[in-house]
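Listed in order, the protein sequences are those of chains U and F.
Sequential numbering from 1080 applies to the first sequence in our numbering.
Sequential numbering from 64 applies to the second sequence in our numbering.
Bear in mind the hints are in silico, worked out from the structure with no lab data behind them.
As the structure is a computational prediction, the values presented were derived from the model and not from experiment.
Please note that a few of the clues may not be correct.
[Said to hold, decoys possible] As a list, the in silico DSS-like pairs of lysine-lysine whose alpha-carbon atoms are at most 25 Å apart:
| no. | chain 1 | residue 1 | chain 2 | residue 2 |
| --- | --- | --- | --- | --- |
| 1 | F | 111 | U | 1441 |
| 2 | U | 1200 | F | 210 |
| 3 | U | 1204 | F | 210 |
| 4 | F | 138 | U | 1096 |
| 5 | U | 1096 | F | 210 |
| 6 | U | 1441 | F | 72 |
| 7 | U | 1095 | F | 210 |
| 8 | U | 1441 | F | 106 |
| 9 | F | 72 | F | 193 |
| 10 | F | 138 | U | 1122 |
[Unchecked claim] What the simulated footprint calls covered on chain U by chain F, stretch by stretch (three residues with Cβ under 8 Å from a Cβ of chain F suffice, anywhere in the stretch; the number is not a length):
| no. | region |
| --- | --- |
| 11 | 1111-1124 |
| 12 | 1197-1203 |
| 13 | 1234-1245 |
| 14 | 1421-1434 |
[Said to hold, decoys possible] Residues from chain U that keep clear of chain F, each with C-beta distances beyond 10 Å, as calculated:
| no. | residue |
| --- | --- |
| 15 | 1145 |
| 16 | 1218 |
| 17 | 1301 |
Glycine included, C-beta positions come from ideal geometry on N, C-alpha and C.
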Amino acid sequence: MLGNDITSPVAINEMKKMNNQKVFNKDKIALVMDHFIPNKDIKSAENCKCCREFACKHEITNYFDVGEMGIEHALLPEKGLVVAGDTVIGADSHTCTYGALGAFSTGVGSTDMAAAMVTGKAWFKVPSAIRFELVGKPGKWVSGKDVILHIIGMIGVDGALYKSMEFTGEGIKNLTMDDRFTICNMAIEAGGKNGIFPVDALAVQYMKEHSKREFTIYEADADAEYEETYVIDLSQLKPTVSFPHLPENTRTIDQVEEIKIDQAVIGSCTNGRMDDMRAAAEVLKGRKVAKHVRCIVIPATQSIYLQAMREGLLEIFIEAGAVVSTPTCGPCLGGYMGILAEGERCISTTNRNFVGRMGHTKSEIYLASPAVAAASAVLGRIACPCEL
Amino acid sequence: MKANGHVFKYGDNVDTDVIIPARYLNATQGEELAEHCMEDIDKEFVHKVQKGDIMVANKNFGCGSSREHAPLALKCAGISCVIAETFARIFFRNAINIGLPIIECPEAAKAIQAGDEVEVDFDSGVITDKTTGASFTGQPFPEFMQKIITAGGLVNYINEA
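With the hints as extra help, turn the sequences into a complete structure.
So this is what it looks like as structure tokens:
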């Protein structure tokens, strides 16, 4: 079970109202300070202090603070805390990310978190399922982000409401683990309860590299019933952009007219992993961010930050005129580190483009892949990397 | 148990970012959150809402973030019930868990207009639009969820178990 610096303080308050105030298992709770840290203001500092004291008092094994933290959904798989067969609930909507490892994981609220910390239990309805059969191989600039934006555009922001989104088919062998994390991460943006991939050799390799825990592989029954099956040919997909103010407002990059941007954000639990850093660097290498554009790159974890440094990616970003930040959710939810003014437009690799999500209610967010965000930063308008 | 009040009406996909913008999520107390409830799509809401009022919306109410601050802000602003065509699942469970009554009823969500006086009887699931005289029956909850609601939320439910 998982909580962050926004949802955990509410859960801790709720837990204080309970007769039993002992945690059921100190090893099975992860508290990750990631949304507003390093503390953006006094109230955020108070919230983190509340979590820190709670973690200390209850001897929570997996408490991650400044210096060892990362954005929760990038951090937990990297630390080996989630493996196939696990059931994970998190007081954060993007907890559905871990389906990439063949775990059942879903977002809940703070009271659920409080109850689960004490009892080790949660209430669920068994969801029906939708199958997405992925075939073919994606083209050069098509990533997991484009796959999931395409799907959300196709079924809508409530197209999988309360349902399980199962990704399958021979095409998954052409998706990296980072692609799969991105795809499952945004299942919630279609209303999904969870997203899940089968566990193949690549997933097994990932778990062996990151975790010492034993895992259990579950497979869909041969006669499993699905409400719908969609076949998606990855080779036919194009880089995709979600227009304001819903993730379902998608257009392929060739349908995008000239849209000037003020900011590009590359990061978040959706797209702050190594693949994303490398894709952005490939586009930005030897180029410059357009003069009027702010480009903000946020590696999702300390380990990704370090690896990006070792590979020389941070140098590429900084020489291109981007800024590189410590891991944080920051601008994705309009916390800090890149808030938009009235009338400003941002191309962002994050997951939501709701009204006011990144700042002023009259600002606009366009969701896209890291490669498209980087190319847009260079050209000062929403653009395909193939234009460079 | 009954709710009775005037209606605030909204459309599809009212997300948790507009119910309570993240810039206020450094607060954890319901009363403070309620001061900013809905302000990004309806600046007048917090000035007009009266204790007991009812919110009506179309599909996918509460989509987006898992923030329990959203149902908490609505509850502390005085909203006694949310009626919608459908709810996003995390908002749905959060509302149940904190004791904010919600009802799924597509017919009521379509027919009821802003400003109407509406009564909701939670035992029978009957929604009555007192302004127009129309009545509707909402989706009943399974027994265990009824128990959580009757207890006033998940924490009380566990304490009583």
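A quick look at each hint next to the structure:
| no. | hint | verdict |
| --- | --- | --- |
| 1 | 111(F) - 1441(U) | holds, 23 Å |
| 2 | 1200(U) - 210(F) | holds, 17 Å |
| 3 | 1204(U) - 210(F) | holds, 16 Å |
| 4 | 138(F) - 1096(U) | holds, 18 Å |
| 5 | 1096(U) - 210(F) | holds, 18 Å |
| 6 | 1441(U) - 72(F) | holds, 22 Å |
| 7 | 1095(U) - 210(F) | holds, 21 Å |
| 8 | 1441(U) - 106(F) | holds, 14 Å |
| 9 | 72(F) - 193(F) | holds, 16 Å |
| 10 | 138(F) - 1122(U) | holds, 22 Å |
| 11 | 1111-1124 | holds (count 6) |
| 12 | 1197-1203 | holds (count 3) |
| 13 | 1234-1245 | holds (count 4) |
| 14 | 1421-1434 | holds (count 3) |
| 15 | 1145 | holds, 16 Å |
| 16 | 1218 | holds, 31 Å |
| 17 | 1301 | holds, 28 Å |
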